[in-house]
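> Here the protein sequences come in this chain order: Y and C.
Letter by letter, the first sequence follows residues 131 to 274 in our numbering.
Letter by letter, the second sequence follows residues 131 to 274 in our numbering.
These are calculated hints, taken from the structure and not from any lab test.
Please note: incorrect hints may appear among the correct ones.
Anything over 12 angstroms on all C-beta distances counts as not near chain Y; from chain C, calculated [said to hold, decoys possible]:
#, residue
1, GLY133
2, ILE134
3, VAL177
4, GLN196
5, GLU197
6, TYR198
7, THR204
8, GLU243
As a list, the in silico DMTMM-like pairs of lysine to aspartate or glutamate whose alpha-carbon atoms are at most 20 angstroms apart [unchecked claim]:
#, chain 1, residue 1, chain 2, residue 2
9, Y, LYS149, C, ASP151
10, C, LYS149, C, GLU167
11, C, LYS149, Y, ASP247
12, Y, LYS149, Y, ASP247
13, C, LYS149, C, ASP221
14, Y, LYS149, Y, ASP175
15, Y, LYS149, C, ASP247
16, C, LYS149, Y, ASP151
17, Y, LYS149, Y, ASP221
18, Y, LYS149, Y, ASP138
19, C, LYS149, C, ASP262
20, C, LYS149, C, ASP138
Here's a subset of chain C near chain Y, in silico, CB distances under 8 angstroms, partners left out [to be verified]:
#, residue
21, PRO141
22, VAL159
23, ALA163
24, GLY186
25, MET208
26, ARG215
27, LEU216
28, CYS218
29, CYS222
30, ALA232
31, HIS235
32, LEU248
All residues carry an ideal CB built from backbone N, CA and C; glycine is no exception.
There are 2 protein chains.
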Amino acid sequence: MNGISLDDLLPEGLSDRLKRDANGLVAAVVQDAENGEVLMVGYMDDVALARTLNTGRVWFWSRSRQEYWRKGDTSGHMQLTRRVRLDCDGDCVLVEAVQVGAACHTGSRSCFESGGDLRVARRVDADGNPLDDAMPGPASAKQL
Amino acid sequence: MNGISLDDLLPEGLSDRLKRDANGLVAAVVQDAENGEVLMVGYMDDVALARTLNTGRVWFWSRSRQEYWRKGDTSGHMQLTRRVRLDCDGDCVLVEAVQVGAACHTGSRSCFESGGDLRVARRVDADGNPLDDAMPGPASAKQL
Chain Y
131 MNGISLDDLL PEGLSDRLKR DANGLVAAVV QDAENGEVLM VGYMDDVALA
181 RTLNTGRVWF WSRSRQEYWR KGDTSGHMQL TRRVRLDCDG DCVLVEAVQV
231 GAACHTGSRS CFESGGDLRV ARRVDADGNP LDDAMPGPAS AKQL
Chain C
131 MNGISLDDLL PEGLSDRLKR DANGLVAAVV QDAENGEVLM VGYMDDVALA
181 RTLNTGRVWF WSRSRQEYWR KGDTSGHMQL TRRVRLDCDG DCVLVEAVQV
231 GAACHTGSRS CFESGGDLRV ARRVDADGNP LDDAMPGPAS AKQL
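Hey, can you work out the whole structure from these sequences and the hints?
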C-alpha cells in the first residue's frame, strides 16, 4: 500500500458500475446543495471520484492541465460534498455540494451564468403548438 | 441548400464559442424547468444543439447508436426546450426543459434516481470539521 491512500479507493462494487470514457473519466455535474442551481460540469477519474466520496471535498481530473484538482485549493472556492448519485448507465455522476463563493473561475456563481443564454428561437407545448413567449430567458441575460 | 434545414444551423457567432471534444460533441445537462431537478446528461453535436434551439424539442447525438435522437420519439417522453445556456469554456450546455413523463429509459423520472446514491463517507464544513450526519442521502435510497 506504499503511497496509496484509502481515500483514493472506490467503495466496493462501484468500479464495475462505472462506464468510463476513453480517458478513464466520467462526467460530474455539480449542483448547489442549497438551491439546486447547476454550477458546473467537470470530469473525474476513479481517484477523483473516490476522494469526492471519502474526503468531504469535491475533486476533479483536469483534462486541460492533466492533473488532480481539488476545487478551491487556489481560489478558496471549495465545494463540500453532500450527496453523490450515479446515472443509469454509469457514465455520469451528480454531485450535490455546498459551494463556497463562486463556482466559476470567472468569478460568476455558476459557469452557466458566465457563459450566458443562447437564443431559443422556438418554444412549444406538448402538442407542438408554439408558445407566445418564444423569446430567450431573462431580458437582462447575455445572449447570442 | 439541398437537404439542409435552417433548423440545423447554429445562430451566428455560436460555432466559434463551442469547444467540442474529439468527436465533435459538447455535454448537455438537462434540468427540469419546473422544479430544477437534474434529469440526465447527453451529448450534442452542432446539429443537435441547433435543433434544440430552433425546433422547441431537445435533440441529442447518441454516442452508442451513432445517430440523432429526438428525445421522446420512441418513448413519448419528450423534452420541450425552455432555456439553454453555454458554460464559461464552451464545452457544455445547460438545457432547461419541460419533461413529459420519465427522463430515464428505465422509467425513472431522472437518470440519477435510477442509478442511485453512492456512499458518502465524510461530510465536512468549510473549516474541514466533520458534520454529524456523515451518512448518505435519504435512508430509502439505493446505495453502494
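> Hints first: check each against the structure and report whether it holds.
Each hint tested on the structure:
| no. | hint | verdict |
| --- | --- | --- |
| 1 | GLY133 | holds (21 angstroms) |
| 2 | ILE134 | holds (16 angstroms) |
| 3 | VAL177 | holds (15 angstroms) |
| 4 | GLN196 | holds (15 angstroms) |
| 5 | GLU197 | holds (17 angstroms) |
| 6 | TYR198 | holds (18 angstroms) |
| 7 | THR204 | holds (16 angstroms) |
| 8 | GLU243 | violated (8 angstroms) |
| 9 | Y:LYS149 x C:ASP151 | holds (18 angstroms) |
| 10 | C:LYS149 x C:GLU167 | violated (26 angstroms) |
| 11 | C:LYS149 x Y:ASP247 | holds (16 angstroms) |
| 12 | Y:LYS149 x Y:ASP247 | violated (31 angstroms) |
| 13 | C:LYS149 x C:ASP221 | holds (5 angstroms) |
| 14 | Y:LYS149 x Y:ASP175 | holds (11 angstroms) |
| 15 | Y:LYS149 x C:ASP247 | holds (16 angstroms) |
| 16 | C:LYS149 x Y:ASP151 | holds (18 angstroms) |
| 17 | Y:LYS149 x Y:ASP221 | holds (5 angstroms) |
| 18 | Y:LYS149 x Y:ASP138 | holds (18 angstroms) |
| 19 | C:LYS149 x C:ASP262 | violated (42 angstroms) |
| 20 | C:LYS149 x C:ASP138 | holds (18 angstroms) |
| 21 | PRO141 | holds (5 angstroms) |
| 22 | VAL159 | holds (5 angstroms) |
| 23 | ALA163 | violated (10 angstroms) |
| 24 | GLY186 | holds (3 angstroms) |
| 25 | MET208 | holds (7 angstroms) |
| 26 | ARG215 | holds (4 angstroms) |
| 27 | LEU216 | holds (4 angstroms) |
| 28 | CYS218 | holds (4 angstroms) |
| 29 | CYS222 | holds (5 angstroms) |
| 30 | ALA232 | violated (11 angstroms) |
| 31 | HIS235 | holds (7 angstroms) |
| 32 | LEU248 | holds (5 angstroms) |
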